[in-house]
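Peer 1: Using the sequences and the accompanying hints, generate a full structural model.
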Amino acid sequence: MPISTLMKLGPFTFSIETAAFNQLQRAWSFDWSEQKRLGTIPQLQYTGEGQQTINLSGSVFPGQYGAIDTVAQMAQLGRQGRPLLLIAGTGDLLNYWSITNVEQTNSYLDQYGQPRKIDFSLSIRYYGDHYEVSNETGR
Numbered sequence: 000m001p002i003s004t005l006m007k008l009g010p011f012t013f014s015i016e017t018a019a020f021n022q023l024q025r026a027w028s029f030d031w032s033e034q035k036r037l038g039t040i041p042q043l044q045y046t047g048e049g050q051q052t053i054n055l056s057g058s059v060f061p062g063q064y065g066a067i068d069t070v071a072q073m074a075q076l077g078r079q080g081r082p083l084l085l086i087a088g089t090g091d092l093l094n095y096w097s098i099t100n101v102e103q104t105n106s107y108l109d110q111y112g113q114p115r116k117i118d119f120s121l122s123i124r125y126y127g128d129h130y131e132v133s134n135e136t137g138r
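Every letter in the sequence shown is one number past the one before it in numbering that gives the first Met the number 0, and letter 39, counting from 1, is 38.
None of these hints come from the bench; they were simulated from the model.
Careful, some of the hints might be misleading.
[Stated by the list, open to error] Per label pair, the in silico range of CB-to-CB distance:
1) Ser3 x Gln24: 17 to 23 Å
2) Phe29 x Phe60: 38 to 44 Å
3) Ser106 x Gln34: 50 to 56 Å
4) Glu48 x Asn105: 55 to 61 Å
5) Gln22 x Gln42: 34 to 40 Å
6) Tyr130 x Ile40: 19 to 25 Å
7) Ser56 x Gln34: 26 to 32 Å
8) Gln34 x Gly90: 39 to 45 Å
9) Asn54 x Asp128: 17 to 23 Å
10) Pro41 x Gly80: 22 to 28 Å
11) Gln42 x Asn100: 31 to 37 Å
12) Thr46 x Leu92: 25 to 31 Å
Note that the structure is a prediction, hence the values are computed from the model and not measured.
No residue lacks a Cβ here, since even glycine has one placed at the ideal position from N, Cα and C.
Peer 2: Given below as structure tokens:
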């Protein structure tokens, strides 16, 4: 069965067969600085774009769709401390992003305490359009 890729974050593939997200929330922020003015109220001055963030949430069903360690794989990527290339399922390059948070909730436990359903949430923050590996740290 071919894998239908929803998105790739570095080596990790989000798909129906592995880790399907059912919600993608993207946010952009914009920075404004307050400029004080003599004898009147302060005025705002646009200083540029702020941060972009993406929050993904979805579910894994070990044994059917995804593995019991799928969310742990996401967390391991975050522990590496380096930005990852984000590619949409359409093939669009979305540049480099950094994992800032991974959450896991287990439910429908079997008689051995293994979850039949694992809900996850992944938060990433925009890093930039390029990433250079440092020779000193390997990151």
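Peer 1: Determine for every hint whether it applies to the structure shown.
Peer 2: Right, here's what the structure says about each hint:
1. Ser3 x Gln24: 17 to 23 Å: Given range 17 to 23 Å: holds, Cβ gap about 21 Å.
2. Phe29 x Phe60: 38 to 44 Å: holds, 39 Å
3. Ser106 x Gln34: 50 to 56 Å: holds, 51 Å
4. Glu48 x Asn105: 55 to 61 Å: Given a distance of about 38 Å, which is not inside 55 to 61 Å, the answer is violated.
5. Gln22 x Gln42: 34 to 40 Å: holds, 38 Å
6. Tyr130 x Ile40: 19 to 25 Å: Violated - the Cβ-Cβ distance for Tyr130 and Ile40, about 43 Å, lies outside 19 to 25 Å.
7. Ser56 x Gln34: 26 to 32 Å: Cβ of Ser56 to Cβ of Gln34: about 39 Å, so the range 26 to 32 Å is violated.
8. Gln34 x Gly90: 39 to 45 Å: At 43 Å between Cβs, range holds.
9. Asn54 x Asp128: 17 to 23 Å: holds, 21 Å
10. Pro41 x Gly80: 22 to 28 Å: violated, 39 Å
11. Gln42 x Asn100: 31 to 37 Å: holds, 36 Å
12. Thr46 x Leu92: 25 to 31 Å: holds, 27 Å
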